[in-house]
Amino acid sequence: MSETKIKISDLHKAFGKKVVLNGIDLEVAKGESLVVIGGSGTGKSVLIKCIQGLLVPDSGSIEIDGEETVGVDKHRQEELHSKMGMLFQGGALFDSLSVWQNVAFSLLENKKMPAKEARTEAVRVLRQVGLAPDVADLSPSELSGGMQKRVSLARVIATRPEIIFFDEPTTGLDPIMADVINDLIIETVKGLGATALTITHDMASARKIADKIAMLYQGKIIWQGTVKELDKTDNPYVKQFINGSSHGPIKVEI
Amino acid sequence: MSNKIELFLRALGKPLVKFISSLGDLTIFIAQSVYNCLTPPFYFKLMGKQLIDIGFYSLPVVGLTTIFAGMVIALQSYTGFARFGAESGVASVVLISVTRELAPALSGLMVAGRIGAAMAAEIGTMRVTEQIDALVTLSTNPFKYLVAPRIIAGIIVLPVLVLIGDVIGIFGGYVVCVYKLGFNPANYINSTLQNLESLDIITGVVKAAVFGFIITLMGCYNGYKSRGGAQGVGEATTNAVVSASILILIFNYIITELLFAK
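Protein chains in written order, with the working numbering: chain P, 19 to 272; chain Z, 11 to 272.
Next comes chain P alone, as it looks inside the complex (with noise of 0.2 angstroms):
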């Protein structure tokens, strides 16, 4: 377990004047699930798209199984991607192809497979995540907010990711489906051996999937540590953050 996946050191990135990371030092382990929590506009999506290499760092570095990532060629950033998959908050499901060719869209355009074999796949796959078959002909637009979620976790599943980063997985469900989707969550990366990397402002959420909490505030990590140590903390921050009160040392720019 003790094996280090990820581990981030002193990255920063603004965009013009503003700072959005201002010295970030993060370390994942090998098949941990890590939840970052934090307000909205702090910084989350941020973090995780430098780590995919969607948004280049302006200083600091991300290694990812010991090599470091920031400014390596396109090709090797696309092997890297081969490795990482992430569930987008809107699903960012492609709605020119049908649910089935979302959910193979990796087997077909990288792995060439033939288009039969990956259907075949794809409703296997979608059946793990609680889908029946007769949704794989539908389009994207088709399915409800929640069935959306479940396609993008197939579609990510499809690739087999040593890496899977969640952006606000829960987000817009229904408290209900949003418990659903986080026991899907707990199960597929389990069920893959996968590292988790989740942003949420979910608290339930983030209990229910988190190895470890880590807490990011104002560009920089503040706290992490277990969800049994988050309720024992007297971090007064993270107090706040879990309590929800808009009284303490965190103030909302309105």
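No wet-lab data here; the hints were simulated from the structure. Given the structure is predicted, the values throughout are model-derived calculations rather than measurements. Some clues are possibly wrong.
As the list claims (entries may be wrong) - In the EDC-like style, the derived pairs of lysine to aspartate or glutamate whose C-alpha atoms are separated by at most 16 angstroms in a straight line are:
#1 P/K92 <-> Z/D143
#2 P/K230 <-> P/D113
#3 P/K238 <-> P/D220
#4 P/K226 <-> P/D201
#5 Z/K55 <-> P/E127
#6 P/K25 <-> P/E180
Stated by the list, open to error - Covered stretches of chain P (chain Z as the covering partner; in silico rule of three or more C-beta atoms under 8 angstroms from a C-beta of chain Z):
#7 100 to 110
#8 121 to 132
Beta carbons: idealized from backbone N, C-alpha and C, even for Gly.
Start from chain P and add chain Z according to the hints.
Coordinates of chain Z only, in the frame set by chain P:
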């Protein structure tokens, strides 16, 4: 006083810096697009879909535009030539103006409105709903998957549209001359064929290929760079059509100048 000057210079400088930086952005985008159009992997299936979208479904629009352009040219030049008793020149005026100018320029503008807007809206929506990021995380290069098929299809299919437009436009002139102005059909066709020069056709085709590049490039670029939800996509769509239309008119002149100025 100096404060006012500073404010004035700032107001002047800000858009200038913005303009130059977006020009640089566009240049990088063009370089990336061209590179990705020329290197594998190629997505032939997507290219085929674009060929049908841009080409086949634009046929009615291009047909209508060119037929009326040909008709109006016939009518106008007839009233002009009739003053000098030179009605026989109408056929060749229709031929030259349709093949060299009207078919490529009007088809280009119509397709820019139809296709440029659709592309910017589609790619822009993919950008704001993170579908482009999703492509990247699935190890697919969005330039190869989204941009290259569109640009290649545009360059291939616009010349074909213009060739069809040429025929329809000339037919429009024929209809007006024969059925309204009472020309002899055989004479009209004869003088059209006699004046037919390959340079006229080639000019139109070259222009069309350039316009195809401009339209698809502007559609993809504006969509790709769009930011900020529905409003951003709306802006991208407008910019795609406006910039493509202006560039079409500018390059229409430049190409004419290059081919005919002696």
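To see whether the hints hold, each was checked on the structure:
1. Between P/K92 and Z/D143 the alpha-carbon distance is near 15 angstroms, which keeps this suggested pair within the 16 angstroms criterion.
2. With a CA separation close to 35 angstroms, the supplied pair P/K230 and P/D113 exceeds the 16 angstroms bound.
3. The hinted pair formed by P/K238 and P/D220 fails the criterion: a straight-line CA distance of about 19 angstroms is larger than 16 angstroms.
4. About 8 angstroms separates the Cα atoms of P/K226 and P/D201, which keeps this hinted pair within 16 angstroms; it holds.
5. For the hint linking Z/K55 to P/E127, the alpha-carbon distance of about 11 angstroms falls within 16 angstroms, and the restraint holds.
6. For the suggested pair P/K25 and P/E180, the alpha carbons sit about 15 angstroms apart, so the restraint of at most 16 angstroms is met.
7. Using a Cβ-Cβ cut-off of 8 angstroms, 8 residues of the segment 100 to 110 of chain P lie near chain Z, which meets the minimum of three, so the contact claim holds.
8. A count of 4 residues in the segment 121 to 132 of chain P with a Cβ less than 8 angstroms from any Cβ of chain Z is obtained; the coverage claim is therefore met, three being the minimum.
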